[in-house]
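Required output: the full structure, derived from the provided sequences and hints.
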Amino acid sequence: MKQRLSHLCSIHRNGFRLLKVVRQLDRNLIPLFILQAVFGAVLPYISILLSAKVIDLLLTGSYRRAAYYTLVMVSASLLTAAILAILNYYTNIGRRMCQERLDVLIREKAMELDYTTMEDPEILKALQNAEAATRFSGGLAYLVRIYHELLQYTLSLITAIVLTASFCLALPGRLTLQKHLEETSGGTDLLSVLSHPAITAGILLLAWTIGLFLTKKQSAVIRAMEDNIAEKHYQAEAVFSYWATDVISNLESEKTIRVNHMTNLVDTNHADSYAQIKPFYRSMGTSDTLKFLSEGLETGLFSIVAYLLVILKILANAISIGSFSKYTGALIQFNTSFNKLIWAENMIQRIVKNMLPMADFLDRTNQMETGSLHVEKRNDHYMEIEFHDVGFRYPGAEEFSLRHVNLKLTPKQKLAIPTRQRRSRPVWSRQASGNSSPGFPRAWKQ
Amino acid sequence: MKTLYSILSNYRWGIQQYDTFLGRRYHLTDLMCILVGVMLPFGEMAFPSFVIRLLEQDLRNKTFSIIFSILLYALLLKLAGVYYQCLNNWQQMNYFMARIDIATPLYRHMMHMDYEKLESKRGQAKLQAAMECIYSGNDYGIECFLRSFPIITMNLLGFLIYSFFVIRISLWIFLYMLASTVLLALLGTRSSNYQTKSLPEANARYLRRKKAMDETFEQTARNDMILYQAKDWLIDNLHHICREFLRFYEKTFGMQRTFEFTTALLTFFRDAAVYLLLIHQVAEGQLTVSQLLFFTGAIAGYSVWVQQLTQYLQQAAIQNHMMTNLRSFLDYGRLEKLPEPQSFTRQKGEPHEIRLEDVCYRYEDGADDVLSHINLTIHPGEKLALVGANGAGKSTLVKLILGLYEPTQGHIYLDGVDIRQIPRERYYEEIAAVFQESRIFSCSVAQNVSCQKNPDRVAVEDCLKKAGLSEKINALPQGIDTMLTRQLSPDGTELSGGETQKLMLARAIYQNSPVLVLDEPTAALDPIAESQMYEAYQGFCGNKTGIFISHRLSSTRFCDRVCFLKDGSITESGTHASLLAAGGDYAQMFEIQARYYKENKHLKGAAAL
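Sequence lines, in order, name chains A and B.
If you count the first sequence from 1, position 307 lands on 307 in the numbering used here, and the numbers rise without skipping.
If you count the second sequence from 1, position 216 lands on 216 in the numbering used here, and the numbers rise without skipping.
These are computed hints drawn from the structure, not numbers from a lab.
Among the clues, some could well be false.
[Unchecked claim] In silico DMTMM-like cross-links for lysine to aspartate or glutamate, where the CA-CA straight-line distance does not exceed 20 Å:
id, chain 1, residue 1, chain 2, residue 2
1, A, K109, B, D236
2, A, K125, B, E425
3, B, K210, A, E345
4, A, K125, B, D214
5, A, K109, B, D224
6, A, K20, A, D363
7, B, K210, A, D363
8, B, K211, A, E131
9, B, K231, A, E108
10, B, K211, A, D120
11, A, K125, B, D236
12, B, K231, A, E112
13, B, K210, A, D246
14, A, K109, B, D232
15, B, K231, A, E119
16, B, K566, B, E357
17, B, K117, A, E252
18, B, K453, B, D415
19, B, K121, A, E252
20, B, K211, A, D246
21, A, K109, B, D214
22, A, K278, B, D101
23, B, K453, B, E425
24, B, K231, A, D246
Written as structure tokens, this is what we have:
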């Protein structure tokens, strides 16, 4: 349990780290999503609570009051819907803007970093994977949306708990409304027992616990499937991209294919590639189907128990007929919100794991040593450059590309470096321009 | 944008394609989605009314049956809901999987169509538009277009069924709802028209954005970015491009906000009127409470059907343009299937004569001829060098000889047969070409050399040996079965520039065609590597007819004849020695290239540094 809690804290710590990046890109986006979550949580309950009141008033013959509450209900719906429309506009724009600014921020960071870091294949690969994963997840703002859903479900859950508590505590016979119930025999006692608060709460708790157990079990299985899918998704997309952009819509490739009559080869290999990735895409559909079945089983079971308990309470005169939709709505919302919280946690875990390399990249600093010495400038802007026992090795390489290079360029001297290909000519020029650091001493520019 | 194909025509075509890839069983899923999709909301709408009606009645001795009825109804609704979600998911997967498959006819068309048309600006624009129809995701293009139709059918059915109930409430309510539907449809049409009209501009902005993002991330550009401290300028530029790109979305989301607000306002007036009317009828004893619940549910459901119907009709109209783009591209640039001409025969190993007769060429949008009145005969077995400055027309001439372009005037003959009469596939058996931009594909070494799915392994190994690449390939873990490039295979091998050229040589050797064309294949090699490469080609050429294009004149020394191109015409022709002696443009170019290797730097026309 402690381990689980610690793991959860670690996920959210990283999640907030990514939210900090969002805040850096757009200060307004997170507050907007919070507002949207609040209104999104409130909206369903307006119609649930007020429509229950209207039905009760109609059943008791208070038509004028029923009309009044109807107007309150539709006005509140209009107000909330209008506010949501405005919030949707700003959050939609904000999401797009966030993604655009993130792409620019990554490129800005790439330009700030030293050459050696940017040529490290591991760093680049991690960044490219994170960018692709971010794109497939719907962008960084999607993380904000998941947290927004977390907040919305939490608020919804709190409201549902309050209503559920009031439902459980409703005593049988509290209402003196349905006179025909006084004439029922036998059943009344059984109904009273079954709709007693303790019994109601006990049955609800049991149903909820069974549902929670099933949800956790299923969500672990489906999460493993979805993690596997997420990992392979951008690989599958890379296959598409290769055929679409590098081969078939590339003019040089098309020229080569025609002149070397490679049509059959390309056609067959393309078909084989697709045949290999199609089962992956089918598995995405299978995972979604399993998710629907799993959610259906869990919520369905709880829903039936909720309907049963509400009907029993109504028949036992504990709550009004009009409260049917109120309490069934609240109970189902309670269970649904809790399940959604579990699924949202899974989603956050996956998104954070995929996007974290991007946050790591943004936190990187330039590793090049730069001093603060003032460079003595000549009037004619000509400089002297000296290599003093310079060596260089690419990140991850075993061999040195340059070894013990000693060289001095005097002002106005023109130096030619004729070599065969792959003989470190580019390394020379990068060293001289200061774009990469030598592995051992030192290129001096004075 | 002028629509060439109607919505129904595109739908019929799309369904035919999908039937080819999926069979017809997916229509059953569509049908079930429609039926369940209509019945389920109806059941959900009627449920509260059903419950209230049961609970309102005399409950004596009916407690158990009431509980049972309600729970059974709830259970059936739940099961139907889960079934509908699964059906919807299967339907989505069907349409998605077929979208993957429909890329195949597009690719095949691209590989077989007229290259000149494919390369042209118009062809590239058409290609881009066609690819958007397939690669823009689930919510655009062919997948979205074809999926709209079962959804439209479902909404239409729902609309008709619910209209019956709404008319029963009040004709005025029905007319009000129709009027509000028309208003919302107009708003929606305004939005979809804007999206359709601005789609090309939005795509152009997207491509501009993508290009800018890709370029600033290219490692080859990093040197310049750092050295010229271009970061701030580039970042400002990126921000500007992104802001331009976002403008399209600002307008679209703005229209969506107006639409949502108008919907909310119309819903307010509708619900207020309906509730008040029905409450009045309940008060008058004309309706029961359960009937009120039923009718309010019907009104709410009716709005949803109408809204979705207009939404998906508009969607189909927008996506219809993308479908048109796809079909338009598939009809573009189709080559006629030609039979092999009777007069064209080939003896194995026999070299060919290539003759250009008064050949002119102008690009599609070009104002002037790029090649002008070219008359050239390349004799069987002759090695011809084509040289000239950048932009002289060398590569264009080669593309004409290769049959990738068609002359705007004149003819090109292979052994006296106009190459336009020879089927392309047959023609390419006679020519092996190596280009400056050598393409290695993500397949095995053997397949890259042989250009075949099932190569002759002994022949491949022999060709690699002759090309000087066998040592390198044999050292690889899987030899000639090793995958090249890492795009499809993380364990793939990357070859260096020189090794790639050797692979191209091996490819040419394997093909063993009587005509060999080399279009600056050694441009990226150092002089020693280039010399070794040309020696290898010379050794392999034998009695083949050869055409060598280069602007490095050192590569012409082993050719029988040199043709110098200038401004689209052949201005000089002869051997290397005779052209030097003539002292023309060729001689001047040669002297300029050679002077830095000579001791005497005082040359005519040489500018001092």
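Results for each hint:
1. Between K109/A and D236/B, the direct Cα distance comes to roughly 14 Å. Compliance with the 20 Å bound is thereby established for this hinted pair.
2. At roughly 40 Å between alpha-carbon atoms, K125/A and E425/B are farther apart than 20 Å, so this suggested pair is violated.
3. Between the alpha carbons of K210/B and E345/A the distance comes to roughly 33 Å, so the proposed pair goes past 20 Å and is violated.
4. The straight-line distance between the Cα atoms of K125/A and D214/B is roughly 15 Å, inside the 20 Å bound, and the hint therefore holds.
5. Restraint check: the Cα-Cα separation between K109/A and D224/B comes to about 16 Å, which is no more than 20 Å; the hinted pair holds.
6. Taken as a hint, the K20/A and D363/A pair is honoured in the structure, with Cα atoms around 12 Å apart against an allowance of 20 Å.
7. Between the alpha carbons of K210/B and D363/A the distance comes to roughly 24 Å, so the proposed pair goes past 20 Å and is violated.
8. For the suggested pair K211/B and E131/A, the alpha carbons sit about 16 Å apart, so the restraint of at most 20 Å is met.
9. Pair hint K231/B plus E108/A holds up; C-alpha atoms about 7 Å apart against a cutoff of 20 Å.
10. This hinted pair does not check out: K211/B and D120/A have alpha carbons roughly 23 Å apart, beyond 20 Å.
11. At roughly 26 Å between alpha-carbon atoms, K125/A and D236/B are farther apart than 20 Å, so this suggested pair is violated.
12. Using a Cα cut-off of 20 Å, the hinted pair K231/B and E112/A holds, with the two alpha carbons roughly 8 Å apart.
13. Between K210/B and D246/A the alpha-carbon distance is near 16 Å, which keeps this suggested pair within the 20 Å criterion.
14. For the hint linking K109/A to D232/B, the alpha-carbon distance of about 12 Å falls within 20 Å, and the restraint holds.
15. For the suggested pair K231/B and E119/A, the alpha carbons sit about 18 Å apart, so the restraint of at most 20 Å is met.
16. The hinted pair formed by K566/B and E357/B meets the criterion: a straight-line CA distance of about 18 Å does not exceed 20 Å.
17. Straight-line distance between C-alpha atoms of K117/B and E252/A comes to about 14 Å, which keeps the hinted pair within the 20 Å bound.
18. Distance check on the hinted pair: K453/B and D415/B sit about 31 Å apart at the alpha-carbon level, beyond 20 Å; violated.
19. For the proposed pair K121/B and E252/A, the alpha carbon gap of about 15 Å is at most 20 Å, so the pair holds.
20. With a C-alpha separation of about 15 Å, the suggested pair K211/B and D246/A falls inside the 20 Å cut-off, and the hint holds.
21. For a cut-off of 20 Å, the pair hint linking K109/A to D214/B stands: about 14 Å separates their Cα positions.
22. Simply put, K278/A and D101/B have alpha-carbon atoms about 10 Å apart, close enough for the 20 Å limit, and the pair holds.
23. The hinted pair formed by K453/B and E425/B meets the criterion: a straight-line CA distance of about 17 Å does not exceed 20 Å.
24. For the given pair, K231/B sits about 29 Å from D246/A by alpha-carbon distance, which is inconsistent with the 20 Å threshold.
The earlier numbered hints that this structure contradicts are 2, 3, 7, 10, 11, 18 and 24.
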